[in-house]
Amino acid sequence: MELTPETVQYLAKLARLEISSGEVETLRKDLEGILQFVENLPAVTGVPKAGSKEEPLVWTRGDEPGTVLEAGQAVAQAPEAEGEFFVVPRTLGKQDS
Amino acid sequence: MTAQELGARGILEAYATGSLSPQECLEGARENSRKQNHDLNAFLCIDENPSVSTQAPGLLSNIPIAVKDNILVKGFPATAGSRILEGYRPTYEATVVERLRRAGGVILGKTNLDEFGMGSSNEYSAFGPVRNPWDVTRVPGGSSGGSAAAVAAGCVPAALGSDTGGSIRQPAAFCGIYGLKPTYGRVSRFGLVAFASSLDQIGPMARDLDTLARVFTVISGPDPRDSTTKPFGKANMMDAVAEGLVGMSAIRVGFPQRLLQDCEGEMQSCIQSVMMKMSGGCWKVADIGWPDPQQAISAYYVLATAEASSNLARYDGVRYGVRHPADSLEEMYKKTRSHGFGAEVKRRILLGTFVLSSGTYEKYYGRAMSAREDIKAQFQDLFQNSDVLVLPTTPTAPFPLGARLKDPLSMYLADTFTVGPSLAGIPALNVPVGTTSEGLPLGLQLVAPAGGEELLFRVAASLEAGLGLQNKIAGRSG
Numbered sequence: 001m002e003l004t005p006e007t008v009q010y011l012a013k014l015a016r017l018e019i020s021s022g023e024v025e026t027l028r029k030d031l032e033g034i035l036q037f038v039e040n041l042p043a044v045t046g047v048p049k050a051g052s053k054e055e056p057l058v059w060t061r062g063d064e065p066g067t068v069l070e071a072g073q074a075v076a077q078a079p080e081a082e083g084e085f086f087v088v089p090r091t092l093g094k095q096d097s
Numbered sequence: 098m099t100a101q102e103l104g105a106r107g108i109l110e111a112y113a114t115g116s117l118s119p120q121e122c123l124e125g126a127r128e129n130s131r132k133q134n135h136d137l138n139a140f141l142c143i144d145e146n147p148s149v150s151t152q153a154p155g156l157l158s159n160i161p162i163a164v165k166d167n168i169l170v171k172g173f174p175a176t177a178g179s180r181i182l183e184g185y186r187p188t189y190e191a192t193v194v195e196r197l198r199r200a201g202g203v204i205l206g207k208t209n210l211d212e213f214g215m216g217s218s219n220e221y222s223a224f225g226p227v228r229n230p231w232d233v234t235r236v237p238g239g240s241s242g243g244s245a246a247a248v249a250a251g252c253v254p255a256a257l258g259s260d261t262g263g264s265i266r267q268p269a270a271f272c273g274i275y276g277l278k279p280t281y282g283r284v285s286r287f288g289l290v291a292f293a294s295s296l297d298q299i300g301p302m303a304r305d306l307d308t309l310a311r312v313f314t315v316i317s318g319p320d321p322r323d324s325t326t327k328p329f330g331k332a333n334m335m336d337a338v339a340e341g342l343v344g345m346s347a348i349r350v351g352f353p354q355r356l357l358q359d360c361e362g363e364m365q366s367c368i369q370s371v372m373m374k375m376s377g378g379c380w381k382v383a384d385i386g387w388p389d390p391q392q393a394i395s396a397y398y399v400l401a402t403a404e405a406s407s408n409l410a411r412y413d414g415v416r417y418g419v420r421h422p423a424d425s426l427e428e429m430y431k432k433t434r435s436h437g438f439g440a441e442v443k444r445r446i447l448l449g450t451f452v453l454s455s456g457t458y459e460k461y462y463g464r465a466m467s468a469r470e471d472i473k474a475q476f477q478d479l480f481q482n483s484d485v486l487v488l489p490t491t492p493t494a495p496f497p498l499g500a501r502l503k504d505p506l507s508m509y510l511a512d513t514f515t516v517g518p519s520l521a522g523i524p525a526l527n528v529p530v531g532t533t534s535e536g537l538p539l540g541l542q543l544v545a546p547a548g549g550e551e552l553l554f555r556v557a558a559s560l561e562a563g564l565g566l567q568n569k570i571a572g573r574s575g
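Each protein sequence line maps, in turn, to chains H and Y. Under the working numbering, the residues of the first sequence are numbered 1 to 97, in order. Under the working numbering, the residues of the second sequence are numbered 98 to 575, in order.
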């Protein structure tokens, strides 16, 4: 699998990462090497998919109220908060939008 | 014997006879940890005033325990080895930590790790590498390298680690201690910073089997807050350790001899010598096959990076950790993540994003999922004729710091023998069985079917007795 610098930049965009032009080539080589290694994965047939057997992967709890984090606790570690709300840069109502 | 050399049982006996007080033990552990941390960098944080437990006497009453810094402990920061969580102090506590405290355990500090558990040498921590206490020019393994080094150096008798593809067993092997990756679902992951949720498991690390058994007994069991936990029956592993295989009929030991070809010479001779000593008696050894290690590594790195790319989407500068200021939300996400994550984490997020992308999903993720089911089926077949499987934990002894940093793939291959049991969700235990001519630790891995931890403890006890293994503190050189 050959990776282009444009693909690396596109992946970075999807993952919300900024990659400098200097980093692109190193990452491209690293990822290409790893992908070449994992390309040996055979197309296995006749294997049941995970969770398809009788035993489910997870159980569900009863529909009963339990203990949850209070809103104040939930925002306590936020970089910026007001009362019970997280604060982020303005996304609506900008003059230039 | 000094307090630092004792296991949990020895410490409890010393308390009972009055030759050691809990306060002395905890303060001694704090001082020793502080002192050793200058050389080892094993701890990211040490409690300045460890308090004597107020719980009723339990299996771990006033035993100092270190906890990997991707497990949430109230009153301590939790960085997961990443700049992006610098300054974060959890508002809740992991189930395993609640259980340790209820059993009387005292959390002494948080240990260093590869960022978010992604690494096999502990060199990918944002807070500097951990050094191996047996030779400070070498890596301690990873990602639970801080926990392994802290235990091996005698700072604490036990620590918690987490294992996704070998992150408890491989550093345990490199540091000459015991380390158990439990059956998937046997120990709660509530309060563990998620890396790859279908693989992550918390487990104990210790210098002696009784201490390992105590910690496992305390932390295991279903948890209403983790819906992947299941009941596996009552666990009292100390009895299994005390009894070993005495009184049991012979056990069938499967040994994939072919894997030794992929190991360094001294590892080969060490494992062969162990098998020679243990064959006969209770061990009935048979040569067996093993799921193709290259296929297992490939499936593992596709699945783990896919899950990581999804799990790490939560670090966006909004809810916790650091935020990089920016004018727009999109820019804030990008700058926060780009400044907060290290190179290996970015590499894995990009790889995970790629294998989950439309157009590549089936070729990589789909095939890796099928390969995982195939590997599980192969282990089920192996356990038709074997009760327990035995193989090296790693192909090599601990390697020098920096030796594999420039080649990510060579670092991934350090997990060659550990990822198979991870993909199958079955338990595996590192036993420190020997050393190289340079005095570097070598480890052997025991693997059992799901829920087979009791057998692992029994077989490990037979190894301990058969080989005369002792609770040893690392003697440093280099």
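These aren't lab readings, by the way, just hints derived from the structure by calculation. Keep in mind that this is a model prediction, so the values were computed, not measured. Even for Gly, the Cβ is constructed at its ideal location relative to N, Cα and C. Heads up, a few of these hints could be off.
[Claimed, not checked] What follows is a list of derived Cβ distance ranges for each label pair:
id : chain 1 : residue 1 : chain 2 : residue 2 : range
1  : Y       : G172      : H       : P65       : 35 to 41 Å
2  : H       : D63       : Y       : V343      : 18 to 24 Å
3  : H       : A76       : Y       : T151      : 37 to 43 Å
4  : H       : Q36       : Y       : P328      : 40 to 46 Å
5  : H       : E82       : Y       : N146      : 33 to 39 Å
6  : Y       : G362      : H       : F86       : 54 to 60 Å
7  : H       : V68       : Y       : S346      : 36 to 42 Å
8  : Y       : A474      : H       : A76       : 17 to 23 Å
9  : H       : E82       : Y       : K171      : 37 to 43 Å
10 : Y       : S455      : H       : E23       : 23 to 29 Å
11 : Y       : D478      : H       : S21       : 46 to 52 Å
12 : Y       : N146      : H       : V68       : 27 to 33 Å
13 : H       : P42       : Y       : P321      : 37 to 43 Å
14 : H       : V68       : Y       : E427      : 37 to 43 Å
Hint check results:
Checked against the hint of 35 to 41 Å, the pair G172/Y and P65/H fails, with Cβ atoms roughly 28 Å apart. Judged by the Cβ atoms, the range 18 to 24 Å given for D63/H and V343/Y is violated: they are separated by roughly 49 Å. Between A76/H and T151/Y the C-beta distance comes to about 26 Å, which lies outside the given range of 37 to 43 Å. A beta carbon spacing of about 43 Å between Q36/H and P328/Y agrees with the range 40 to 46 Å that was offered as a hint.
Between E82/H and N146/Y the CB atoms are about 35 Å apart, so this pair conforms to the stated range of 33 to 39 Å. In this structure the supplied range 54 to 60 Å holds for G362/Y paired with F86/H, their Cβ-Cβ distance being about 57 Å. At about 51 Å, the beta-carbon gap between V68/H and S346/Y misses the expected band of 36 to 42 Å. At roughly 47 Å, the beta carbons of A474/Y and A76/H sit outside the given window of 17 to 23 Å.
Taking the beta carbon of each, E82/H and K171/Y are about 25 Å apart, not inside 37 to 43 Å as hinted. In this structure, S455/Y and E23/H meet the distance hint of 23 to 29 Å, their C-beta atoms being roughly 25 Å apart. The hinted window of 46 to 52 Å between D478/Y and S21/H holds, with their beta carbons roughly 50 Å apart. At roughly 32 Å, the beta-carbon separation of N146/Y and V68/H lies within the given 27 to 33 Å, and the hint holds.
Take P42/H and P321/Y: their Cβ atoms lie about 40 Å apart, and the range 37 to 43 Å holds. Between V68/H and E427/Y the C-beta distance comes to about 30 Å, which lies outside the given range of 37 to 43 Å.
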